[in-house]
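**Q** So you can see what is in the structure, the chains are spelled out below.
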Amino acid sequence: MKHVPNVMEIKKIIKESESVKTFIFDWKVENKYDYPLPGQFMMIWNFEDEKPMSISLIDPLKEELGISIKKIGKFSSQVHSLKEGDKLGIRGPYGKGFDLKGSKILAVGGGIGMAPVATMVDHARDRGVSVDVISASLTSNELLFIERMKNAGANVLSCTDDGTCGFKGFATDRVKQLLENQKYDLIISCGPELMMKGILELAEEHHIPAQFSMERWMKCAMGLCGQCCVDDTGWRVCVEGPVFWGHEIKMITEFGKYHRDSSGTAKPF
Amino acid sequence: MKHVPNVMEIKKIIKESESVKTFIFDWKVENKYDYPLPGQFMMIWNFEDEKPMSISLIDPLKEELGISIKKIGKFSSQVHSLKEGDKLGIRGPYGKGFDLKGSKILAVGGGIGMAPVATMVDHARDRGVSVDVISASLTSNELLFIERMKNAGANVLSCTDDGTCGFKGFATDRVKQLLENQKYDLIISCGPELMMKGILELAEEHHIPAQFSMERWMKCAMGLCGQCCVDDTGWRVCVEGPVFWGHEIKMITEFGKYHRDSSGTAKPF
Amino acid sequence: MLEIKICDIKLKNPTMLAAGVMGSTASSLNWVYRSGAGAVVTKSFSSQPNKGYNNPTTVEVEGGIINAIGLSNPGVETFKKELKRLDPQVKVAASIYGASPEEFAEVASQVEKKVNLLELNVSCPHAMGGCGAAIGQDAELTFEVVKAVKKSVSIPVITKLTPNVTDLIEIAISAADAGSDALTLINSLGPGLKIDLETSRPVLSNQIGGMSGPAIKPIALRCVYEVFKAVEIPIIGVGGIFNYHDVVEFLFAGASAVQVGTAIMHYGPEIFNEIAVGLEKFMIKKGFSQVDDMVGISHKI
Amino acid sequence: MLEIKICDIKLKNPTMLAAGVMGSTASSLNWVYRSGAGAVVTKSFSSQPNKGYNNPTTVEVEGGIINAIGLSNPGVETFKKELKRLDPQVKVAASIYGASPEEFAEVASQVEKKVNLLELNVSCPHAMGGCGAAIGQDAELTFEVVKAVKKSVSIPVITKLTPNVTDLIEIAISAADAGSDALTLINSLGPGLKIDLETSRPVLSNQIGGMSGPAIKPIALRCVYEVFKAVEIPIIGVGGIFNYHDVVEFLFAGASAVQVGTAIMHYGPEIFNEIAVGLEKFMIKKGFSQVDDMVGISHKI
Chain W
1 MKHVPNVMEI
11 KKIIKESESV
21 KTFIFDWKVE
31 NKYDYPLPGQ
41 FMMIWNFEDE
51 KPMSISLIDP
61 LKEELGISIK
71 KIGKFSSQVH
81 SLKEGDKLGI
91 RGPYGKGFDL
101 KGSKILAVGG
111 GIGMAPVATM
121 VDHARDRGVS
131 VDVISASLTS
141 NELLFIERMK
151 NAGANVLSCT
161 DDGTCGFKGF
171 ATDRVKQLLE
181 NQKYDLIISC
191 GPELMMKGIL
201 ELAEEHHIPA
211 QFSMERWMKC
221 AMGLCGQCCV
231 DDTGWRVCVE
241 GPVFWGHEIK
251 MITEFGKYHR
261 DSSGTAKPF
Chain E
1 MKHVPNVMEI
11 KKIIKESESV
21 KTFIFDWKVE
31 NKYDYPLPGQ
41 FMMIWNFEDE
51 KPMSISLIDP
61 LKEELGISIK
71 KIGKFSSQVH
81 SLKEGDKLGI
91 RGPYGKGFDL
101 KGSKILAVGG
111 GIGMAPVATM
121 VDHARDRGVS
131 VDVISASLTS
141 NELLFIERMK
151 NAGANVLSCT
161 DDGTCGFKGF
171 ATDRVKQLLE
181 NQKYDLIISC
191 GPELMMKGIL
201 ELAEEHHIPA
211 QFSMERWMKC
221 AMGLCGQCCV
231 DDTGWRVCVE
241 GPVFWGHEIK
251 MITEFGKYHR
261 DSSGTAKPF
Chain B
1 MLEIKICDIK
11 LKNPTMLAAG
21 VMGSTASSLN
31 WVYRSGAGAV
41 VTKSFSSQPN
51 KGYNNPTTVE
61 VEGGIINAIG
71 LSNPGVETFK
81 KELKRLDPQV
91 KVAASIYGAS
101 PEEFAEVASQ
111 VEKKVNLLEL
121 NVSCPHAMGG
131 CGAAIGQDAE
141 LTFEVVKAVK
151 KSVSIPVITK
161 LTPNVTDLIE
171 IAISAADAGS
181 DALTLINSLG
191 PGLKIDLETS
201 RPVLSNQIGG
211 MSGPAIKPIA
221 LRCVYEVFKA
231 VEIPIIGVGG
241 IFNYHDVVEF
251 LFAGASAVQV
261 GTAIMHYGPE
271 IFNEIAVGLE
281 KFMIKKGFSQ
291 VDDMVGISHK
301 I
Chain G
1 MLEIKICDIK
11 LKNPTMLAAG
21 VMGSTASSLN
31 WVYRSGAGAV
41 VTKSFSSQPN
51 KGYNNPTTVE
61 VEGGIINAIG
71 LSNPGVETFK
81 KELKRLDPQV
91 KVAASIYGAS
101 PEEFAEVASQ
111 VEKKVNLLEL
121 NVSCPHAMGG
131 CGAAIGQDAE
141 LTFEVVKAVK
151 KSVSIPVITK
161 LTPNVTDLIE
171 IAISAADAGS
181 DALTLINSLG
191 PGLKIDLETS
201 RPVLSNQIGG
211 MSGPAIKPIA
221 LRCVYEVFKA
231 VEIPIIGVGG
241 IFNYHDVVEF
251 LFAGASAVQV
261 GTAIMHYGPE
271 IFNEIAVGLE
281 KFMIKKGFSQ
291 VDDMVGISHK
301 I
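Chains W, E, B and G, in that order, are what the protein sequence lines are. With full-length UniProt numbering, the residue at position 161 of the first sequence is 161, and numbering never jumps. With full-length UniProt numbering, the residue at position 222 of the second sequence is 222, and numbering never jumps. With full-length UniProt numbering, the residue at position 198 of the third sequence is 198, and numbering never jumps. With full-length UniProt numbering, the residue at position 120 of the fourth sequence is 120, and numbering never jumps.
Mixed in with the good hints, there may be bad ones.
On the chain E side, residues computed to face chain G include the following (Cβ under 10 Å) [to be verified]:
#1 HIS3
#2 VAL239
#3 THR253
#4 GLY256
Covered by chain B, according to a simulated footprint, are these stretches of chain G (three or more residues, beta-carbon under 8 Å) [claimed, not checked]:
#5 61-67
#6 71-85
#7 154-166
#8 201-213
#9 240-250
In case anyone wonders, no lab produced these hints; they're calculated from the structure. Beta carbons: idealized from backbone N, C-alpha and C, even for Gly.
Please work from the sequences and hints to get the whole structure.
**A** Encoded structure:
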């Protein structure tokens, strides 16, 4: 059954940055069409709570799947305390992933939003697509997946708010600069909504199709409970999302403005 | 779902004899391996009761299925009162049918026991198997399927208790006579159990493999309720039967001796 | 052909969104209505915000799912704002719950002007603190809640009952006697439990959760069938409805309308349109000219 | 490794044939035992022969079947002859029913010498004339029946309860207080209803019937889980068990043994052997040395 946590041993833990660890699981899939797609997410059960987490690594050769988690609260701290061989429940994949179109793409990830972006960078490079990727974070020791994406053959552009590595400033500023000189067939992005909002505006200005991965509070993740429905379309982020095209995002009026907590109360960003 | 009555219009009604009518239904099957086999039975629901009935006709070309019912009690009288276009519930097929082995077979049907036997005669003749068939009944106007089996190319030998048509005497006597001159690879039979008991003895005497179709009170017909279990093997006539090989019948100690009523009480034949 | 009236409210067809499914926001309710539902029922809310249970709140089982969301809702004040944002044409029932007749009545009167119908959730099988099935498993408490709400509002009141009782008829009659204008049958079944074999833990954080999905249909149908014989008020059937065949079964058993929930997991909101089309085709084929002619005909044989 | 003791009776493994399935004759009980069942339970019988309901008595639904066989049986006199024909090694429980404590006690004492255990069927959801769930839905009547049987026999007495009640715990405690040596949970669920769309008729001649099959497993499991917390006596889990995973879930929830019924429709009696092999493999893999070590461990987390 699909919607049941599969309790598995953590095969490997990779410390990606000061606050981010990647948890690798064995992931055997009989049919290659059942393989997860970049941008899809898993529900991770630590036996106290269950949260949606983007897939940050898909390796069909090694038959491995990775989930990257940033230590920000009770749930993620507990998961960060786990060791290789410890267990987590994992169900999914869920949602609609990125849709690879075109031969030259710009990928922009902010903070832990780099997780699905890096997965998509691997995916695009595997298919010979040219990729410029902006990995953005507050500071240099929070930059994610730089080496991995370089090894994949992507053109990696670091970007830190404090200028400790690469471009100094926001990811949007870096995108703006790039778009002055470069043409892209597609922009894909995941990160803080205000960042993605800025990128959407730039993409529109330059008439470049764009896809964005959104995050909302999840409960069932199977399209039933309505917890992750967004205004004004009513779409379920767990089914119709989490990746939306720019023209869809335009209809999501709450995008960049507010999200809902567990009770359904709207909270501004 | 398999175990749900499919309520269908009766397409055609054929009066086969004084007391027997055949009810024809449209029977479309997508996969030819889903087609019923001779010897299998259906559960027929007349909206008052539901009874097991042997399949008496399988026509994959016309996509028709026939059930022959002898008027003997409340249920069959009600069904006999129906007209073409009226409805019956029908579920199945159930059970294990006849297993066609060899190139020359003897088929023996007594009374309404001719229903599965005639189906098997069609089946064998379709496959070029040589068939001698004994159709036995009390009297000539109760003989069943004579023309149909002749048209199928079987060598039809009538047999009546009162001698009004063909051989005068019991089917067993006719079989005994035949086996003195003829060799058969297989005997198949359906009819009164005492008749089948006699045929089993003759088949053993002549070392001819034989199959027999048994009848027991049915409730669920899906192998659960235990109503049709036979002594001493415990086999379910609806699943392990209704057709058994002679060596199996030998293990069914109640064969030819008794059967059980709806309460499970044994009743001698 | 599919139009019905339930408690004098006209619906374009007899399908309704079941409470607790995609019903937290005006946006999703609007979407479901546009997808073909005859009416929508909100997620249950009450006087105060409630964050519900920790995840996992839902897990799949053979034949459906079990869930214990825990009646999460932002409270009536916030929910009123959602109701204001509903498209004007949307026919909507507010599902409300509370711990006492007074709380039910208070919440009801606060939203009365903003909805067409009220549905009293006295039957959530996993609610905390005396809400939910603690009421709906007791005929007297059910009577008190319905009575209190009926006194405080003038719009029609539907009572949603739990099947998890010894004598459903007694409770149905009690709700009818208290003035309930209709009944919704059934809330989720059980509750049920799912245990993870690796850890031997119950999967749901609340351990047990109400069961929904195709497997509960026979039981929901029996509830409708038996209650139909016992009360005069209309019944809204719910439980495992996945296609128009299921809808017809419920109508035949005695339901005047139906609700669809878990099927949305498989087919999305578009299920409502699919069911409506299938139902209309069925009615034409069988010569039914209006939905009402199908209601309860299994009893007339 | 799989051996257990239930009420001091040694079984080769914790699987039992559930009452009402292939249990009418010594021949079928012998066959099921030889196919790997740790014990078998007879079809329920009583003082007088009963032919049960007209067909259809069983119909498939999503997730299982519903049935109303109607407790058909040849009566205790005839059934005693069947019991004599059981192979000597067969561990057997006689399932008995009646309309009164006296009838239960009388039937029990008549077969006491011929069986290892008694299972009181106070929970058939479709029985006629005050038998069945009419008793098991009432804590006092259940108490009276168990008490009467315990007085009249010295072999262990198991009480099989219905899940179709508001408060199962109360009834379970009542049975335990009356001296029941174990409980079997659960009898079939609902009951449920299936309507034929062509004729609008209920398919079962009794209209409604108890539901069994994979879909009832979550609810059976919850019953075991909650009753385990409330009583000291062992519980035999039954409901939708189709493989050894299901058995482990029941053991973890608190069952000391399990019964298998509807799965036989899919896999035949050989299911018992398959489950036993699977269970033993699971235990080896997970390091359990005896079945008892698995019982109720979901409660210890």
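**Q** Hint by hint, say whether it matches the structure.
**A** Right, here's what the structure says about each hint:
1. HIS3: holds (4 Å)
2. VAL239: For VAL239 of chain E, the interface hint holds, since the closest Cβ of chain G sits about 7 Å away, which is under 10 Å.
3. THR253: holds (9 Å)
4. GLY256: violated (16 Å)
5. 61-67: Check passed, 5 qualifying residues.
6. 71-85: violated (count 0)
7. 154-166: holds (count 3)
8. 201-213: holds (count 5)
9. 240-250: Since 4 is at least three, the answer is holds.
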